[in-house]
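Go by the hints and put chain B with the ligands onto chain A.
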Amino acid sequence: MEKNINITLKVWRQNGAKAKGRFETYKVDNVSTGSSFLEMLDMLNEQLINENKEPVAFDHDCREGICGMCSLYINGRPHGPDDDVTTCQLHMRKFKDGQTITIEPWRSAAFPVIHDLIVDRRAFDKIIAAGGYVSVNTGGVPDANAIAIPKPDADEAMDSASCIGCGACVAACKNGSAMLFVSAKVSQLALLPQGRVEGARRAKAMVAKMDELGFGNCTNTGACEVECPKNISLSNIARLNREFLYAKLQD
Amino acid sequence: MSKLNARIPEGPLAQKWTNYKDHQKLVNPSNKRKLDVIIVGTGLAGASAAASLGEMGFNVKNFTIQDSPRRAHSIAAQGGINAAKNYPNDGDSVFRLFYDTIKGGDYRAREANVHRLAEVSNLIIDQCVAQGVPFAREYGGLLDNRSFGGAQVSRTFYAKGQTGQQLLLGAYQALMRQVNLGTVTMHTRTELVDIVIVDGKARGIIARDLVTGELQRHFGHAVVLATGGYGNTFFLSTNAMGSNGSAAIKAYHKGAMFANPCMAQIHPTCIPVHGENQSKLTLMSESLRNDGRIWVPKKKEDAEAIRNGKLKPTQIAEENRDYYLERRYPAFGNLVPRDVASRAAKERCDAGFGVGATGLAVYLDFKSSIERLGQKTIEARYGNLFQMYEKIVDENPYETPMMIYPAIHYTMGGIWVDYELQTTIPGLFAAGEANFSDHGANRLGASALMQGLADGYFVLPYTIQNYLADDIAVKRMTTNEPEFTEAEKAVKTRFEKLMNIKGNRSVDSLHKELGLVMWDFVGMGRNKEGLQNAIDKIAAIKKEFWSNVRIPGNTTGMNIELEKASRLADFIEIGDLMARDALNRDESCGGHFREEYQTPEGEALRQDDKFAYVSCWEFKGNDVTPELHKEALVYESVKMVQRNYK
Ligand SMILES: Cc1cc2nc3c(=O)[nH]c(=O)nc-3n(C[C@H](O)[C@H](O)[C@H](O)COP(=O)(O)OP(=O)(O)OC[C@H]3O[C@@H](n4cnc5c(N)ncnc54)[C@H](O)[C@@H]3O)c2cc1C
Ligand code: SF4
Ligand code: FES
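Protein chains in written order, with numbering that gives the first Met the number 0: chain A, 0 to 250; chain B, 0 to 645.
Chain A extracted, bound-state conformation:
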């Protein structure tokens, strides 16, 4: 059954990219355990506005785990203490009455903080721009059923394609590596005949861009897979490594 709890929050506040940040402590009372984590933050903000203070800025949009916009580091874990969910899907029933909850932005060199809990993740877009697509223009393509694709391949491609680009993998990684994100896209497209054609070029271009943008190297710690809300598997990284090696051999 749902009940109400009182909690203490330690929240990272930072007034702009260049400002120095600090933790502020707030109390929020009477939070229903049926509320989502972000609804609890809405309550905090309502409280702050009533006190004529500036509310805490955090990224969110769909609030159902699909847009990848929410991005909080809660009690030392990206997307908080529940498994296989994004921050917006986290519910207060995962917390206890009287608990202190620490909330920080993603911490990674490639994702600078913009304001409070909001970071700049445009580096991910740049990686996709470097090659995360099939090079076709609109129109003049064959009939959708012209190429049969084995169901297991299509299903596996779909699993890789479920990445929501949230960046939790980067935030979880001690090296700040984006390998899980990059490998998910490389795998999805490599598994499909449409994407196969450019496979080598894509893998090389995306990895080069990732390195250029200041993401760290992958040392196979596996932290990314644990924290990924969409269960993107490490096997994608293995596939990327194969693709990459193959591309290098072709050079």
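Certain hints may be false.
Pairs of lysine-lysine residues, derived as PhoX-like cross-links and limited to a Cα-Cα distance of at most 20 angstroms, are as follows [stated by the list, open to error]:
id, chain 1, residue 1, chain 2, residue 2
1, B, Lys297, B, Lys366
2, A, Lys2, B, Lys390
3, B, Lys542, A, Lys150
4, B, Lys390, A, Lys95
5, B, Lys511, B, Lys474
6, B, Lys297, B, Lys309
7, A, Lys93, B, Lys375
Think of the hints as simulated: they come from the structure by calculation, not from any bench.
Since this is a predicted model, take the numbers as computed values, not measurements.
For chain B with the ligands alone, coordinates are given in the frame of chain A:
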């Protein structure tokens, strides 16, 4: 002369689009580079348009309020996208898709547009597959289809329960490819705050950088609004938190007409409201109605015992369950269109048969499907939706039926456009959910994704050229022209005005108040008295907003409350338009249900002799009653009949 000219091409219905394309004006490649096109929005409509126009060689400037184009609200669409491929060989055709859409929309959509939509639907699927969209497949390796409401064929393509995500990522990737090639410039976290008109034509926008608060001027030979729907007028909706109607209101203020504002869709299968601090509602895809059966207890005392926690749904015997959709609509059963399913749920709950703690819920039960097909199959079809449900409600839908209730989901109304998707302002186009679209008074499931991508990939790239072809001699403006300066000044004044109110009410508290008025009076059941009441209440909220809203911080730097306040001011205006339009429309049609107009069985009763038109509202000034214009709907290829899903 009427200000409305739909510019429907000559010829028989099935040849209109071909005729149009054969005779439209084109822009040659060297001139394309000299033409700037502003596209606001990176959802399915915006991203597909920006990518396609970029590929063609236009110089595209693309804007979004999210931090990445990939996060537009389209990403959340779950169930699927329609096309008339007839792969399952169950009798589908372009005409049938066209006909179902017109009928589903309760005969309030424009024939020519809908036919074009059905025609290009197949191209969309081809395009997406070529991009690597991982649609679901059968064991033979070919594409799989499922059924959606309002159709008796299987024509819905899907990618698990994440179809919108996969389609948007396909469009996003095509878009990022153009960004890489330099044909598209991307402006993220940047919000359109006004449209600039020069000599009667849309020539640019004023935008606000949401990180720095800085106002920017952007020139475009043409401007496309692909800014989505205004369902968030209701505060609680299935739309993303950032979805808003502000671009539509800016266009309306500058002279574009707002069409059918009252046509909003209430989706039957959403997770019910849990409490006061609820911030949004989560949709459970319509596709679930393929395998889930909707019911409430037959006996009031059972319903009451469930509400008090004394009985569990699984304890109600089969003979004591009322599968009311199957009972009332044997032909379509659980797959009746959304408006019909929503009203039927409300009817049962109002009659005292509702379940859940609030009594505002009905069951969606998978027991028989799990018995028939096995849990594995159900999991493969809907696994992510079941997981989503469990995380929110803390109940396992494999074991106990889901609870659902209707919620506002989609807006059929929007900016009026002609056949070319051009508004009444030359050079200003609207695409996707932002325009008043092809769905009439009710949209069928899986047709919004189809329309968004049709507009962006296969319609606008043609029709916008027809406009731009006359513009090749127009030089890029410097944005120092007085029209830009004035527009920017007006925006600045408005933001300062908002900041200076310094009242006592948070934006959200006012928005919730508006939402309740909308839900109570402009929701599923509307009547004359209630609507008049709503107009007064909305006026009072407007007054309260402009005298008592509190926005901490200032206009420079990031200010989320200011963004929200600015959008709420526009939602209040939309709420008023919705109520007015609903009051004017003395009939029931599709999602617009006026209690005074129903058949003895409680079905929507249209008044075709009086209301077979699109209501188009023209802005006449702040606090001045808008003027109504009518675009008559002429049906040449289908006969208007009462919808029957029995
Ligand atoms: C939960 C859910 C599930 C759905 N499932 C389905 C389904 O299965 N099948 C189906 O056919 N339809 C479905 N729909 C409907 C469908 O998703 C939408 O109608 C469609 O995606 C709208 O696309 P769009 O491109 O028009 O707008 P959106 O995707 O809403 O994009 C709007 C864009 O405009 C930008 N924007 C808005 N205002 C401004 C501004 N002022 N300045 C700058 N940028 C701005 C936003 O940043 C965004 O990029 C669903 C809807 C919901 C809510
Ligand atoms: S791989 Fe997982 S954690 Fe990383 S961006 Fe994608 S969804 Fe997020
Ligand atoms: S807000 Fe969209 S994933 Fe959390």
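Task: Violating hint indices (sorted, rising) - done: Going through the list in order, the structure violates hints 3, 5 and 7 and respects the others.
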